[in-house]
Amino acid sequence: MFNRKALAGGILAATLLFVAGCAGGGQGDGAKSGGSITVAAAQGIPQLNPAIRTFAWEEVLFPLLWNGLSKTDKSGEIVPDLAEKWEATADQKTWTFTLRDGVTFSNGEALTAAKVVSSFEYYLDPDTATQEANKISMVSKVEATDDMTVQFTLEEPVATFPAGIVWVKVLDTDSLATIDKEPIGTGPYKVSAFTPDDSVTLVRNDSYFGEPGALDEIVLVTAAESTAAVTGLRSGDIDVLWSVPAGDVAQLEGESALSIVRPDNPSQWPSWEMDTTAAPFNDVRARQALAYAIDRETILDAAYNGQGQVSATNNALSENNAWYGGDLTDYSYDLDKAKALFAEAGVNEGDTLIWWGIAGSYPEWNTSGEILQASLKEIGINLEIQNNDIGTWVDSFYPAGKSFPGKIVPNFQSTPPEPAYSLNFYLPGRCECNWVDDDFLTAFSAALAQPDTDARKAEWAKVQEVINEQVPLIIPIQSTVVTGINSAITGVWVEGGGQLHLESASMKG
Amino acid sequence: MAISIVMLIATSLLVFIVLRLLPGDPIITRLGSTPGVDAETIARLRQEAGLDAPIWEQYLNWFGGLLRGDFGQSFFNQFSVNELIVMRLPATLEVTVVSIIVAILIAIPAAVLSALKPLGRVDRVVTAISTAGMAFPQFLIGIMLIIVFAVNLEWLPARGYIPFEQDPVGNLIRMILPALTLALASAPLFIRFLRASMIEVLSSSFIRTATGKGLSRWAVVVGHGLRNALIPSLTMLGLVVGYTLGGVVIIEYVFGIPGLGSLAIDAVFKRDYAVLQSVVLLISAMFILTTLVVDLLYGVLDPRLRIGARRG
Amino acid sequence: MASSTVLAVANPRRTFLDSVRNTGWQTWVAIGVLAIIVIVSVAAPILAPFDPTLQSKDRFATPSLVHLFGTDELGRDLFSRVLFGGQLTMFITAGATAVAMFIGVIWGMIAAFARGLADEVLMRLADTVMAIPQMLFALVFISAFGATPERLALIIGVLLTPTTARLIRSTVLAEIQEDYYTAAVAYGASPRRLLLTEILPNVRVPILVQTAINAANVLLLEASMSFVGLGIQPPDATWGTLVQQGYQKMYQSFSYLLFPALLIFITIWMLNLLADQLGDSSSSKGRS
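Residue numbers (our numbering), protein chains in the order written: chain F, 1 to 509; chain D, 510 to 821; chain H, 822 to 1109.
Isolated chain F, as found in the complex (with noise of 0.2 Å):
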């Protein structure tokens, strides 16, 4: 009897050992030697075009293929890219770039002052609808002085406009209609292969104005599926995994042949959005409570794994960036005040506010809503969770001027260190939380029109006054971008907002 069920058993044993057979025979011929890594994301890469990007992840294509005016270094500080020196009139309204000499695109073309500027008016042009738009909204005019020359005239003083032009790349205006196909730059690295949502591969750019990239070939993949991707980095078939989930930085810390790459000053949070226009959250009082109701501490520990800082002013700005700072309310989780806050607001015993999260993305979000969920039960609140697809979840809120009553969005936002190009968020039209206050805008304007650092410092102390008091958004905490890398490699280095940079990655030895 035992011996017949082993035959058939043996027949799919069989098979599997066969074909593990032939898997054991290939193993090592992965696509890592030679100086080719291969890089992966959780999200795909739609679209080439750095001007209408949707996704994060398409911001690692940016200092790979293309250059800005200006750029951010390592330390953090904003450095000439293509500009070789720049100056403002003492009014801050007038900025002058003066553009590096031979640079070419990597089509043979030259960079003129020409194509700076036509670039810039792409960027403006309301129907790129691009992201930076609101960085730059204030340029009136931008035009080339001479062939190397590039001027800039502002409707308003902004003291920190270098900085607010990094991510608007100069680009070859006059083949944008095939960016997608056939991407012209002027960065280390250029496209040889293209596959929407799937995989981008990029090999070296022979005619970069700068250090050439170490690299012969850099494969960036979409991994949809987190454990499968997280598998792959420890078995050293992807060799840099951006966005690790929090929960697995623990395992991969273990391991030698990984090692862990996390923001010097990460300026990353989740943003937890609510229509401040409509019942109940038109009620400051309301979104008082919402901030003290929130067990940050638990957040940080089990949603993100520890991977951050709790944000007990609620505040876009972490306690270690230079700029934190002014007489700010400590919301730390209380559920007494929320209780008696939101009755004052009208938010009774029984009634529910809804969570309306994406499905399947983020399981930090998920976790968050249901820590939320048990918080608010606790003083008899209902938090009805609701997971959509990114469709349905992005088409309720967004644009700008929806209502949403009752509704806490979850997102989050990645951006600089720097205040003026993060608290920006909170300007009308911009953030979805339809939230519009007269002190935080006149508090912005001065902090932006102000040249010297530490005026400015106490400026942007004020606007947070304004915010924590108000408490348009929800910032549970600053969360860390975690990226795994391959130990073999070095010179990869993460932004504060989570963009990662592979322009000087190298293989080691």
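Keep in mind that a hint or two might mislead.
[As the list claims (entries may be wrong)] Quick list of in silico lysine-lysine cross-link-like pairs, DSS-like style, CA-CA up to 27 Å:
hint : chain 1 : residue 1 : chain 2 : residue 2
1    : F       : Lys141    : F       : Lys85
2    : F       : Lys93     : F       : Lys457
3    : F       : Lys377    : F       : Lys407
4    : H       : Lys878    : F       : Lys337
5    : H       : Lys1070   : F       : Lys377
6    : F       : Lys337    : F       : Lys377
7    : H       : Lys878    : F       : Lys377
8    : F       : Lys85     : F       : Lys74
9    : F       : Lys457    : F       : Lys74
Just so you know, these hints were derived from the structure itself, not from any lab.
Could you slot chains D and H onto chain F? The hints should help.
Same frame as chain F, now just chains D and H:
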């Protein structure tokens, strides 16, 4: 044939209508994380994309394009749907075909062993295993294989795809787990059907004659039973292709394979209508075509069915 | 994603109990296991040691006497979550199966009795729906209508109607061609009488078989949709959503994935076994 075409048109209508039931649209999804865009800009972009036209007009535009072999244009990049499909088709075809071959390779020996002695111990074990095998959702088989071969034994990669022409070995190594997953899920269907038709063939009179001539049981089962049972099993092939194409959608997701299935899932979430409706239509067409081919082939191979053949 | 096509042909005058009596011990095992699963799931509120949504600091605990299946990322007792998950899973399975059977039986019967053009149209409609991968259809419908237990049951049920209709049609058609039916028609029996006393008793077993197959398919589909993230919303969970969350946290706790997956597997297995046994008994006895 005409019926297949009518069915395809019905499918195109069905998919088109169902998709338009969804909230949101591709423009909103694309701009979703772009703060500071106003409603007028969105309306203008929608008009440029032809999304403000009446639904019937949008359908006719798409359908007219289909007749010219033009599947339309993605809302998210500059590639035509035709180009996207050409990029994605090889992976789906490969995993489907390889998995069906593996399923057949598993099913034939198992069914033969079963049929050697119906209701014998081997048969019971095979039947038990195949019944149990059918109880696994495809993705669960995929997870189990990943856990065993990728996580614990570290023999095979857990995910990914490399085109065959780029690296044949790398391609095949990455094809093993997904193809095996789909094969293990569909093999039980083959085994059960093949076993049943073999037993039926073996109980017919000409087999008894063959046995009477002194042929060994093995020769009878393989030589006559299997040969005659394979023809009716063709109908099963159509069903398995359908089952596998359905499973490909989720298996591509589990193993990160850039095929039509992952293209479709992406397109659902992004509301990339042009891509989704064309891909669904293509997958349905593949299924309908297989059924048609199987029907025709069956008619050719089995003379009894030439007259009055009709699907139940 | 139909996992099986057991084409059982009923034999006249054979009741359900007869067919059960004629099958082996495996039928009783299947019925027994399924009964235990259903009873335990329904009795979840009594049997569960903890509130399934109660969070604690004891996260990812390994199985112990206090937490039989361990705890999850929020320190919730997985045993209790699996029990309550079973309850919800049973609700969706029963609901969807009922929907599929109700619509499918009517659809198939109309086609079988109408014959001709109406039959052709109804069956081609079924073919058309069947040609579209169920998974994609399910994704679109759930995106459109949301994933409450009731809606999920309705959507999955509707997706399973075409296969059901097809099977019912061919079974009924086979009955209509039987001698006893022709005789009854010749005798002048009313349509109502024909349906109630001649057809229905004889297609009872195939209907039961299809019910079991449908229930198994509901479980498969629900689990697959949960795996892509479009299942039941938290804090509730079905076995499918527990598997999905467990797989994401596989490196932290293996029992999280193991137990719900095992339960899905066993339930579907037993349903398939039951369908096989009932189908076998009715067809083999019918032929002898």
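Status of the hints after comparison with the structure:
| no. | hint | in the structure |
| --- | --- | --- |
| 1 | F:Lys141 - F:Lys85 | holds, 20 Å |
| 2 | F:Lys93 - F:Lys457 | holds, 20 Å |
| 3 | F:Lys377 - F:Lys407 | holds, 16 Å |
| 4 | H:Lys878 - F:Lys337 | holds, 23 Å |
| 5 | H:Lys1070 - F:Lys377 | holds, 26 Å |
| 6 | F:Lys337 - F:Lys377 | holds, 15 Å |
| 7 | H:Lys878 - F:Lys377 | holds, 17 Å |
| 8 | F:Lys85 - F:Lys74 | holds, 19 Å |
| 9 | F:Lys457 - F:Lys74 | holds, 22 Å |
When each numbered hint is compared with the structure, no violation occurs for any of them.
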